[in-house]
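For reference, the chains in residue letters:
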Amino acid sequence: MSNPAGMPVLEPAEGAKDQHMVINMGPQHPATHGVLRLVVEIDGEIVVRVYPEIGYLHTGIEKTCEAKFYHQVVPLTDRINYLDPLANNLCYALAVEKLLTLEIPPKAQWMRVLLAELSRLNSHLIWLGTHAMDIGALTVFLYTFREREDILRLFEAVAGQRMMTSYIRIGGLAMEPPLDFLDRVQGFVRTLPEKIDEYSNLLTGNPIFHNRLKGVGHLSAADAIALGVTGPPLRASGVDFDLRRDMPYSSYEKFQFKVPVSNDADCWARYEVRLIEMRESVKIIQQALDGMPEGAVKADAPKIVLPDREKMKTQMEALIHHFKIVTEGFEVPAGEVFQGIECGHGQMGYYIVSDGTAKPYRVHMRYPSFPILQALETMCKGRMLADVVAVIGSIDIVLGEIDR
Amino acid sequence: MGEQKTFIKTLIGKDAVLEGLPDHPAVKAILGWNPSALADAKFDLGELTLTIVPEHIATAAAAMQAAGYNFFEDLTAVDWFPSSPRFQLSYHLVSHAFKERIRLRVLLLAEDPAVESITSVWAGSDYYEREVFDLFGIRFEGHPNLRRIMLPEDWQGHPLRKDYPVEGYR
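These protein sequence lines map, in sequence, to chains F and V. Using the numbering used here, the letters of the first sequence correspond one by one to residues 4 to 407. Using the numbering used here, the letters of the second sequence correspond one by one to residues 56 to 225.
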C-alpha cells in the first residue's frame, strides 16, 4: 500500500471505488493543530474511514535523553507538550525523585501544584480559543489569548521563560519564586472566574456552536477505555477517573476539588467538562495560595540539587557540588519507575529505566494525545466531513507530544 | 499517600512476591489463571512487575483485564544490548477500580524478536505496538496494520536500539 516516496496511500474500499473519494487533510491544514495528516475516505459528504499519518515532528527525544545526564533532560521535556510545559517538568521530576527516593519539601510540592494548575489553565485556554476558531467563532480566540498572556507573564516572572520554563527540577524548584509572585497569581485568579463566564456567554448560548458540537463525535465509555483515551474526553464519556484524585502525587490529596463527569460523550460534553475543570483549577490555585507552607523549595540533597548562586560563590563545598553535578551528573540507583500525572490533555507518564549510572538508560514518555488519535475514526465515522474539524478540536491534541 | 508507605517494602523474585503480596488482585489473578506463565516478579518503589513467559502475553493481558486492570496505559521496550535476553517489553496497565498500576514484562531474545499482539484485548495498543515495531524492530504477530509509524517507510534500522548511534548513520 505504499508508493515509492514511502507515503502510504489509502485506497477506497473494494467495491466502492466508483462512489468513494479519498482526500488528504494536512499536514499544513490549520484545523489539524500542527502537522497532523489525515487521509479521509468519503462517500459524498459522509466519512467512511479516517487514517491519521503522524511522525512529521519526530525528533527522537527518547533517544536524545539516553545521551544526557538526568538534570539535562529537564529542558527537553517542556518542548514535548509546549502548551502545558510545567506538567512535563513535574512528571519527569517526580519519576526521577521516585528512583532516588528523595523527599521534597512541602513548599516545593504546593508550588508545583499551583504551577501545574496554571499550566493546565494555559493548555485549556489555548484549546478553547482554537476549538472555537475552528468552528468559526473567531472572537473567543482573542479573549482566551488575553488571559493566556497573563499566565505566560507569570511563568516569565517565576522561571525567566514564557514557554520553555524548565522551572520544576529534580529535587524541587529551580529557585525561590519572586517576592510578589503569589500576589500576582492571586490577582490573576481573582479575575479569572469572570473571564470564564465571559467565554461561556460567548459560546454556551451560541446556537451555531451548540449545533456544531451537540451529538457530534460520540465516543462510548467502553470504546474510550479500549482505545486508551484519557483526561477530559474520557470523563466526558462518563468514566470518573482523574489521577489527581485517584492516584495522587505532589500532595494533591490535600486539595479539595470536583472532577467533572458527563455521560453525553460528544464534543459538547468535552467542552462542558473542560470549562468546569478550568473553574476547579482556579479553586485549587486559591487553596494553594491560602495554605502555602513556609520553607525551602529545594530538597536537602547537595549531591543532586544545584546549590543557590549565592552559596556557590561564597562556599567552597557548594562550589564543588555545583561543579560535580554539572560536569558528571549524579548517579541514580538502578531500577525502573513509571510515574503518571494528569496534565491538561489527559494522563501523562514517564517510564524511566536506570542502570545505576548518571545517564538514564531509557526514558519513555506516555502522552495522552498519541492514543486518542486512534479514536478519531470511531468518532468521525458516518458523520459529515466538516465534523472531523469539530472532533479534532474537541480532543485537544498537540503534535509535539504525539511525535516526540 | 499510598505510594509513601509502599516504599518501605521491596520484594525481589517470584517466591518473595507470591509470599509477600498474596492478596494483591494481580497476583491472585495470575495464580488462578496459569502460575507457570509467571517467570519472575518484583515489587519495588511501590510498583509491581510481573514477568510473563513470551508465549502467554496475550492471554495474560486478557486475564489481567478480567481481574480488573481494565485500562491499557502504555507499552514500550528496553534494549539491554549486548546482554541476553536482549529486549524487554513493558506493558503498563491501570485499574480504575483499584486505582493502581501494574507492569507486565516480557523478555525476548535478540534474533528475530516477535511476540503476540494484544490488540485483540485492547484495540488501543495498536499505535504503541507500531511504535515499538518502528523504533525497536520487534514484531507483533496478529497486529492488523504493522507498519512504521514515526519514521518514513523506507527508513533503514531501528533508532532506539542501543547499537544505533545517537547521531544516526552518516
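Treat the hints with care, as some may be off.
Below, a sample of chain F positions facing chain V; criterion: calculated Cβ distance under 8 Å [stated by the list, open to error]:
(1) Ile57
(2) Ala70
(3) Phe72
(4) Lys101
(5) Gln164
(6) Ile228
(7) Val242
(8) Met250
(9) Tyr354
(10) Glu380
(11) Lys384
(12) Arg386
(13) Asp406
These stretches of chain V come out as covered by chain F in the derived footprint (C-beta under 8 Å, 3 or more residues) [as the list claims (entries may be wrong)]:
(14) 67–81
(15) 125–134
In silico negatives: residues of chain F with every beta carbon more than 12 Å from chain V [unchecked claim]:
(16) Gln22
(17) Phe144
(18) Phe184
(19) Asn209
(20) Leu230
(21) Asp243
(22) Met319
It is worth saying that the hints were derived from the structure and are not from the lab. Where is the CB? At the ideal position from N, CA and C, for every residue including glycine.
The hints, checked one at a time:
At about 7 Å, the closest approach between the beta carbon of Ile57 (chain F) and any beta carbon in chain V falls short of 8 Å, and the interface hint on this residue holds. Taking 8 Å as the C-beta contact cut-off toward chain V, the hint placing Ala70 (chain F) at the interface holds, the least distance being around 5 Å. With 8 Å as the threshold, the beta carbon of Phe72 (chain F) stays out of range of chain V, its nearest partner Cβ sitting at about 14 Å, so the hint is violated. Because the closest C-beta pair between Lys101 (chain F) and chain V is about 6 Å apart, less than 8 Å, the hint holds.
Interface restraint check for Gln164 (chain F): the shortest CB-CB distance to chain V comes to about 26 Å, outside 8 Å, so the restraint is violated. At a threshold of 8 Å, the smallest CB-CB gap from Ile228 (chain F) to chain V is about 6 Å, leaving the interface hint in force. A least Cβ separation of about 7 Å between Val242 (chain F) and chain V falls short of the 8 Å threshold, and the interface hint therefore holds. Taking 8 Å as the C-beta contact cut-off toward chain V, the hint placing Met250 (chain F) at the interface holds, the least distance being around 5 Å.
Below 8 Å, beta-carbon pairs count as interface contacts, and Tyr354 (chain F) has one with chain V at about 6 Å; its hint therefore holds. Hint status for Glu380 (chain F): violated, given a least beta-carbon distance of 11 Å to chain V, over 8 Å. The interface hint given for Lys384 (chain F) is broken, as the beta carbon of that residue sits about 14 Å from the closest beta carbon of chain V, more than 8 Å. Because the smallest distance between the Cβ of Arg386 (chain F) and any Cβ of chain V comes to about 20 Å, over 8 Å, the interface hint for this residue is violated.
Interface hint at Asp406 (chain F): satisfied, since its Cβ lies 6 Å from the closest Cβ of chain V, which is below the 8 Å cut-off. Under a criterion of three residues with beta carbons nearer than 8 Å to beta carbons of chain F, the stated coverage of the stretch 67–81 of chain V fails, only 0 such residues being counted. Here the stretch 125–134 of chain V counts 8 residues with a CB under 8 Å from a CB of chain F, which clears the bar of 3, and the coverage holds. No beta-carbon of chain V is positioned within 12 Å of the beta-carbon of Gln22 (chain F); the least distance is around 24 Å.
Distance to chain V confirms Phe144 (chain F) as a non-interface residue, since its nearest Cβ pair spans about 30 Å, more than 12 Å. Annotated as non-interface, Phe184 (chain F) keeps its C-beta farther than 12 Å from every C-beta of chain V; the closest such distance is 27 Å. Under the 12 Å C-beta cut-off, the non-interface status given to Asn209 (chain F) relative to chain V holds; the minimum distance is some 34 Å. A Cβ of chain V approaches the Cβ of Leu230 (chain F) within 12 Å, the least distance being about 4 Å, so the stated non-interface status is violated.
Not every CB of chain V lies more than 12 Å from the CB of Asp243 (chain F), the least distance being 8 Å, so the non-interface label is violated. No Cβ of chain V comes within 12 Å of the Cβ of Met319 (chain F); the nearest lies about 34 Å off, and the non-interface call holds.
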